[in-house]
Every structure is written in C-alpha cells, then in structure tokens.
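Go ahead and model the full structure; you've got the sequences and the hints to work with.
According to the working numbering, the sequence shown is numbered sequentially starting from 181.
Hint data in this document are derived by calculation from the structure and do not stem from the laboratory. Just so it is clear, the structure is predicted and the values come from calculations on it, not from any experiment. Mixed in with the good hints, there may be bad ones.
In silico DSBU-like cross-links for lysine-lysine, where the CA-CA straight-line distance does not exceed 30 Å [stated by the list, open to error]:
#1 LYS231 / LYS291
#2 LYS307 / LYS297
#3 LYS231 / LYS269
#4 LYS204 / LYS267
#5 LYS297 / LYS231
#6 LYS291 / LYS204
#7 LYS267 / LYS307
#8 LYS269 / LYS297
#9 LYS307 / LYS291
#10 LYS204 / LYS297
#11 LYS231 / LYS204
#12 LYS204 / LYS269
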Amino acid sequence: MDYWFAVATPANTAETDAIETELKLTSGVITQVWMMHPEGCHALAYASLWKEGHQLYPNNPEEAYHGNDVPMIWDDNYEVLAPALFKLKTWNLDETYEHTVYVRITVIRAKVDPMQKAMIDLLTIIKTLLTGRRVS
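Pasting the structure below:
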C-alpha cells in the first residue's frame, strides 16, 4: 500500500513552531519512503518523520531533510504496529513563500509466522474456555 501526503507549510514557520501533521498508516512493514521538496523550496523548507515522540527519519535527531527539486528515496524494513500513527514535522524559513513537502510511504503487510498464529489461536481458545467470554 502506498500512502501519499502533501503538507503545506506557511512562510516564516520556525523550527520551534513546526507544523505537526498526523500520518495514519496501516500496520505492516515500511519498505520505502520517498520525500520531495519541489523546485522553488531552495532548501528553506524542512521535514522530519516522527513515531511516538522519537525522530525516525532522518535517524540523527539534530537534522531534517531539506532540498530543492531532488527526490529523496530510501528503502527500509521498519515494522509498524497498530496504531500506526506518525507525525511529519515541517517548518519553512522562507520569508515570502509557503512551501509544500510531498511524502510517499510504502507499507506491505507483515508476514505472519504460521506457528505464531497457531499459538495465538490456541491461547484465544484457552482464554475463552477459562473466562466464558469470547475474545476479539
């Protein structure tokens, strides 16, 4: 599944006032992230991707992505569990123009280990028998 986000950030948005946009994904494995600062950004618009209060991309927390008409693409193998909520933090040091950052995230369904699924099913049956309640 591909998720596509376009986030506009007003001119004169300082890093301390960064716009935080919630990105909702399904659970699975992030296999690729694509980010683009279109022509005209002149490396004045910044973006970083966060999960549960920690910066995920770029990996070094004191940095953020910025550029001008150069797509940034990287492969990953990051497992996402529900709830799959991320935040894209953006800021814009351009004094005149609003800029939009584009992000595409590819998520594939995690492969289920048949033994693990059988164990979960067995535990669910045991819990149902012990409590008399159906577990969802």
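Against the structure, the hints come out as follows:
Between LYS231 and LYS291, the direct Cα distance comes to roughly 22 Å. Compliance with the 30 Å bound is thereby established for this hinted pair. Distance restraint check for LYS307 and LYS297: the Cα-Cα separation of roughly 15 Å lies within the 30 Å cut-off, and the hinted pair is therefore satisfied. The straight-line distance between the Cα atoms of LYS231 and LYS269 is roughly 11 Å, inside the 30 Å bound, and the hint therefore holds. For the hint linking LYS204 to LYS267, the alpha-carbon distance of about 9 Å falls within 30 Å, and the restraint holds.
A distance of roughly 27 Å separates the Cα atoms of LYS297 and LYS231; the hinted pair therefore holds under the 30 Å criterion. Taken as a hint, the LYS291 and LYS204 pair is honoured in the structure, with Cα atoms around 20 Å apart against an allowance of 30 Å. Annotation: proposed proximity of LYS267 to LYS307 is violated, straight-line Cα distance about 36 Å (limit 30 Å). With a C-alpha separation of about 37 Å, the suggested pairing of LYS269 with LYS297 is violated against the 30 Å cut-off.
Distance check on the hinted pair: LYS307 and LYS291 sit about 25 Å apart at the alpha-carbon level, within 30 Å; holds. Under the criterion of a C-alpha separation no larger than 30 Å, the hint pairing LYS204 with LYS297 is consistent with the structure, at around 26 Å. Taken as a hint, the LYS231 and LYS204 pair is honoured in the structure, with Cα atoms around 11 Å apart against an allowance of 30 Å. For the given pair, LYS204 sits about 14 Å from LYS269 by alpha-carbon distance, which is consistent with the 30 Å threshold.
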